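From first to last, the protein sequence lines stand for chains A and B.
The opening position of the first sequence corresponds to residue 0 in numbering that gives the first Met the number 0, with each subsequent residue numbered one higher.
The opening position of the second sequence corresponds to residue 0 in numbering that gives the first Met the number 0, with each subsequent residue numbered one higher.
Think of the hints as simulated: they come from the structure by calculation, not from any bench.
Just so you know, not all the hints are guaranteed correct.
[Stated by the list, open to error] If you want the footprint, here are the derived chain A segments under chain B, 3+ residues with CB under 8 Å:
1) 15-23
2) 28-41
3) 58-69
Predicted, not measured: the structure shown is a model, and the values here were computed from it.
Glycine residues also receive a C-beta, built at the ideal position from the N, C-alpha and C atoms.
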Amino acid sequence: MSVKIEVNGEVVVAYLSGDIDHHTAKPMREEIDKAVESNMPTLLVLDFKDVSFMDSSGIGLVMGRYRILNPKGAELAVTNPSPQIYKVMHLAGLERLAKIEKGGMKNEAVK
Amino acid sequence: MKQLNKFSMQLLSRSANESFARVAVSAFVTQLDPTIEEINDIKTAVSEAVTNCIVHAYKNEIGNIYIQVRILECNVVEIKIRDKGCGIPDVDRAMEPLYTTAGGERAGLGFAVMQSFMDNLRVVSKVGKGTTVTMKKRISVRVKSNGQQG
Ligand SMILES: Nc1ncnc2c1ncn2[C@@H]1O[C@H](COP(=O)(O)OP(=O)(O)OP(=O)(O)O)[C@@H](O)[C@H]1O
Ligand SMILES: [Mg+2]
Chain A
0 MSVKIEVNGE VVVAYLSGDI DHHTAKPMRE EIDKAVESNM PTLLVLDFKD VSFMDSSGIG
60 LVMGRYRILN PKGAELAVTN PSPQIYKVMH LAGLERLAKI EKGGMKNEAV K
Chain B
0 MKQLNKFSMQ LLSRSANESF ARVAVSAFVT QLDPTIEEIN DIKTAVSEAV TNCIVHAYKN
60 EIGNIYIQVR ILECNVVEIK IRDKGCGIPD VDRAMEPLYT TAGGERAGLG FAVMQSFMDN
120 LRVVSKVGKG TTVTMKKRIS VRVKSNGQQG
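One chain only, chain A, in its complex shape:
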């Protein structure tokens, strides 16, 4: 599976992998949404360490999760994007919706 979910109390971490494009985004979204629904996190971390490529379909994925979390008062963070992925995220202005940690989350959020 292209998404591995880890739950640490109120934090859900989704480790994404492979290429994120229109072809692969849908199953990823579904996995993430399932984990959010059943765990009701206050913080969702999307980890991109093993994501090899992402286009605007990945932006849609991040923005869509923001739209789900925001009304619940929950936050969104993105960790470990590659330079290519960060370039796409930056163009989209994603840092306004989610905290982007190029080097992974600081310890407060993830144990």
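Fit chain B with the ligands to the known structure of chain A by using the hints.
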């Protein structure tokens, strides 16, 4: 500008072809010895254009996507991606960042990505006939260690 090399292919608008298309185009471009960033820019722009053919042009059907890549003088790559799908009624509007007709899970940033990652983007479209996206990028010439230019 004089054409030095050319590659063309035709694919069905199946989403499984998105990754094949961007990898095939970028593999052809490697003969110009691009940087990793340049190759990633091209991959991302091609992915956007091909995905638009699949998601928008042939929304409720499967059609052909035509891709042509040309190497021109001065290390310029020209990529043409064409469909015979529904066409775009207002191209200027469609190219505005965040504009999307798909809603929900799409960001409306495909054209913005193509525009910012390539040097030049031209979109020609006719409703009911199809759309042609032409993008150009100049690949930097790197000086090789033996002193000769790439
Ligand atoms: N090849 C095409 N055929 C028909 N309509 C198109 C085509 N390409 C783009 N469009 C139209 O232009 C709009 C903007 O395209 P753009 O790629 O910028 O955003 P998007 O595809 O909607 O979202 P995203 O690319 O961020 O997932 C689309 O919503 C669609 O209406
Ligand atoms: Mg698009």
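Right, here's what the structure says about each hint:
1. 15-23: Holds: 4 residues of the segment 15-23 of chain A have a Cβ under 8 Å from chain B.
2. 28-41: Since three or more residues must qualify, the claim that chain B covers the segment 28-41 of chain A is violated, with 1 doing so at under 8 Å.
3. 58-69: holds (count 5)
Going down the numbered hints, you'll see the structure goes against just number 2.
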